[in-house]
Structure formats: structure tokens, C-alpha cells
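*Asks:* Sequence:
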Amino acid sequence: MNMWWRSVWPPVVAVLLFLGAWQLAVVWLGVESWILPSPAGIAQEAVSGAPGLVGHTMATLRLTLSGFAIGTAVGLALALLLHLVPWLRTALYPLLVISQNVPTIALAPLLMIWFGFGLLPKIIVITLVCFFPVAVAALDGLSRSDVMMMNYMKMAGAGRWQTFTKLELPHALPALFSGLRIAATYSVMGAVIGEWIGSNKGIGYYMLLQRSAYRTDRVFVAIAIIVLLSLIMVGLIALLEKRLVRWGHNNRDDHDHESRQEVSV
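Sequential numbering from 3 applies to the sequence shown in this note's numbering.
Hints should not be assumed to be uniformly reliable.
Stated by the list, open to error - Taking lysine to any residue pairs in the SDA-like style, the calculated list, with each CA pair at most 20 Å apart, reads: (1) Lys203 with Ala215; (2) Lys168 with Ser147; (3) Lys168 with Ala48; (4) Lys168 with Arg183; (5) Lys203 with Gly57; (6) Lys168 with Val229; (7) Lys203 with Gly51; (8) Lys203 with Ile225; (9) Lys244 with Ser9; (10) Lys244 with His173; (11) Lys244 with Lys203; (12) Lys203 with Val229; (13) Lys203 with Ala79; (14) Lys168 with Met155; (15) Lys168 with Gly120; (16) Lys168 with Ile184; (17) Lys203 with Ala48; (18) Lys203 with Ser147; (19) Lys244 with Leu175.
What the hints assert, rightly or not - Listed next, with one range per pair, are the computed distances between beta-carbon atoms: (20) Leu31 with Asp142: 42 to 50 Å; (21) Leu238 with Pro172: 28 to 36 Å; (22) Leu121 with Arg213: 41 to 49 Å; (23) Pro105 with Arg213: 18 to 26 Å; (24) Trp116 with Leu19: 46 to 54 Å.
Calculated from the structure, these hints are not laboratory results.
For every residue, glycine included, the Cβ atom is placed at its ideal position computed from N, Cα and C.
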């Protein structure tokens with residue numbers, strides 16, 4: 003708990019100081035609310051508009067979770083395929099890197115033309131932004147297995163599948179979860195981009211409506227919801243990592259304990 007508190011209070015204090023400075027600057031300088039609303043005004047608008055925002059938020063959340071699950075599955079499947087077939091990795095990995103140089107916002111209109119304005123093009127947008135960090139992180143983790151342990155298992159008669167499930171995959175989990183945290187953040191933005199292109203509900207659709215009405219305070223409310231959803235997604239991934247990768251945390255704790263003992267000696 004003490005370690006958690008020491009890691010949490012600095013950013014919390016920094017955010018509170020920033021919001022306080024923002025509030026004072028808006029009041030002292032007399033900035034118009036349609037240009038830059040105060041944090042107090044944004045909070046008031048969030049409370050008053052909460053009933054209407056719940057439906058938009060839930061729509062974006064459902065879209066985010068669906069796209070994130072599919073993007074993660076595609077990224078994992080691609081990483082496993084490229085890891086198990088080395089020549090395929092040599093052929094396709096550069097193409098994966100090149101694919102990320104095309105802006106998603108530029109592909110979205112094409113997806114709408116090809117697949118219409120339903121759910122499918124939005125899912126494809128989220129998949130495109132999520133699969134790459136998962137695939138790259140998983141590939142990196144799978145390639146960093148202990149060479150000595152790998153040779154030992156081969157000498158002991160372990161097959162390819164046993165080596166993969168008992169050594170490579172467990173050691174790749176920390177790197178994989180790093181990619182999942184990045185993909186979780188991207189998934190929310192991918193959902194919003196999909197709603198920008200074509201939708202009748204969701205936070206992205208809500209932002210477009212408020213932009214047209216010059217309701218800057220409501221746009222800031224939408225931004226706050228996007229940030230909150232991203233933090234929740236990352237927090238859930240971190241919690242799942244703590245549950246599944248206990249050995250990594252245990253090794254880190256043992257190392258810290260040994261280091262403290264050496265210092266005390």
C-alpha cells in the first residue's frame with residue numbers, strides 16, 4: 003500500500019495543481035467559456051449532462067471492448083505464426099511496419115465506402131490500431147527466451163510444442179502485457195475515430211455534435227470520458243497482468259530484498 007501511495011500521489015498532485023492554475027487563469031484573464039471553459043464549468047456540465055452521456059459512453063465502451071478483443075486475437079495469432087515460421091517473419095515483418103505508416107484516419111473513409119456505415123468498419127479501424135503493438139510485443143517476448151534453458155529442454159527431449167508452452171510463452175507474457183496496455187489505449191481512440199466517420203451514437207458522435215454547436219465545455223467533457231475509459235482499460239490490463247505474471251513480480255521483490263540486504267551488510 004505504501005508503494006502504491008508513493009507512486010500515485012505525485013501525478014495526482016500534479017493534476018490538481020494544473021487544474022487549479024487553469025481555473026485561476028480563466029477567471030483572472032476573463033476568457034470566454036466558448037473559447038476555454040474553466041474546470042469548474044466543465045465539471046458542472048458533466049454533472050448536468052450525465053443522463054445523456056451514459057448512453058454515448060456505453061456505446062463507445064462496447065465498441066472498444068469488441069475491437070480490442072478482436073485486435074488482440076489477430077495480433078496474437080499473427081505473432082505466433084511469424085514466430086513459428088521464421089521465413090514468413092522475414093517476409094512479412096517489414097510489411098507490418100510499413101502498414102503502420104498509413105494514418106488510420108485516412109483509411110477510415112475507404113472502409114466506410116467498402117463496408118458501409120455499420121459496425122464492421124469501426125471494428126476494422128480498432129483492429130488496425132490494436133493488432134500491431136500486440137504482435138510486435140509478443141514477437142519480441144517470444145524471441146527473448148532463455149537460450150540455456152532452451153538447449154536444456156531440447157537435450158531433455160522436449161518437443162517444439164512443449165518448448166513453446168513451457169518456456170517461450172510464459173517468458174513472453176511480460177512483454178505481451180506491455181503491448182496490451184498500449185493497444186488498450188489505442189482501442190478507445192480507434193473507437194472514437196470510427197464514430198467520427200459514421201455513427202449515430204457514441205462519444206465520437208457526441209463530440210461532433212458539440213463541435214458544431216461551439217459547446218467547448220461539452221467537448222472537454224467528452225475528452226475527459228475518453229481519458230477515463232483509457233485509464234480503466236489500462237488498469238484492467240495491469241490487474242490481469244498481476245494475476246497471471248506473479249513470477250515476474252515475485253522475482254522483482256526477491257531481487258529488491260536481496261539488494262536491501264547487501265546494502266545493510
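*Asks:* Run every hint past the structure and note whether it holds.
*Replies:* Results for each hint:
For a cut-off of 20 Å, the pair hint linking Lys203 to Ala215 stands: about 17 Å separates their Cα positions. For the hint linking Lys168 to Ser147, the alpha-carbon distance of about 11 Å falls within 20 Å, and the restraint holds. Our distance criterion of 20 Å between C-alpha atoms is broken by Lys168 and Ala48, whose separation comes to about 50 Å. In summary, the hint linking Lys168 to Arg183 is not supported, as the alpha carbons are separated by about 24 Å, beyond the 20 Å threshold.
The straight-line distance between the Cα atoms of Lys203 and Gly57 is roughly 8 Å, inside the 20 Å bound, and the hint therefore holds. For the suggested pair Lys168 and Val229, the alpha carbons sit about 37 Å apart, so the restraint of at most 20 Å is broken. With a CA separation close to 15 Å, the supplied pair Lys203 and Gly51 stays within the 20 Å bound. Of the pairs offered as hints, the one joining Lys203 and Ile225 holds, with about 16 Å between alpha carbons and a cut-off of 20 Å not exceeded.
The suggested pairing of Lys244 with Ser9 holds, with an alpha-carbon distance near 16 Å, which does not exceed 20 Å. For the suggested pair Lys244 and His173, the alpha carbons sit about 14 Å apart, so the restraint of at most 20 Å is met. The hinted pair formed by Lys244 and Lys203 fails the criterion: a straight-line CA distance of about 35 Å is larger than 20 Å. Note on Lys203 and Val229: the hinted pairing holds, with a Cα-Cα distance of about 18 Å set against a maximum of 20 Å.
Only pairs whose Cα atoms come within 20 Å are accepted, and Lys203 paired with Ala79 is rejected, the gap being roughly 32 Å. Using a Cα cut-off of 20 Å, the hinted pair Lys168 and Met155 holds, with the two alpha carbons roughly 10 Å apart. The hinted pair formed by Lys168 and Gly120 fails the criterion: a straight-line CA distance of about 42 Å is larger than 20 Å. Of the supplied pair hints, the one linking Lys168 and Ile184 is violated, its CA atoms being roughly 26 Å apart against a limit of 20 Å.
The hinted pair formed by Lys203 and Ala48 meets the criterion: a straight-line CA distance of about 17 Å does not exceed 20 Å. With a C-alpha separation of about 45 Å, the suggested pair Lys203 and Ser147 falls outside the 20 Å cut-off, and the hint is violated. About 11 Å separates the Cα atoms of Lys244 and Leu175, which keeps this hinted pair within 20 Å; it holds. Roughly 48 Å separates the CB atoms of Leu31 and Asp142, a value that falls within the hinted 42 to 50 Å.
For the hinted restraint 28 to 36 Å between Leu238 and Pro172, the CB-CB distance of approximately 21 Å leaves it violated. Range check, Leu121 to Arg213: about 24 Å between beta-carbon atoms, so the 41 to 49 Å window is missed. For Pro105 and Arg213, the Cβ-Cβ distance of about 20 Å falls inside the hinted range of 18 to 26 Å, so the restraint holds. The beta-carbon spacing between Trp116 and Leu19, approximately 48 Å, falls within the hinted interval of 46 to 54 Å.
Comparing the model with each earlier hint shows violations of hints 3, 4, 6, 11, 13, 15, 16, 18, 21 and 22; every other hint is respected.
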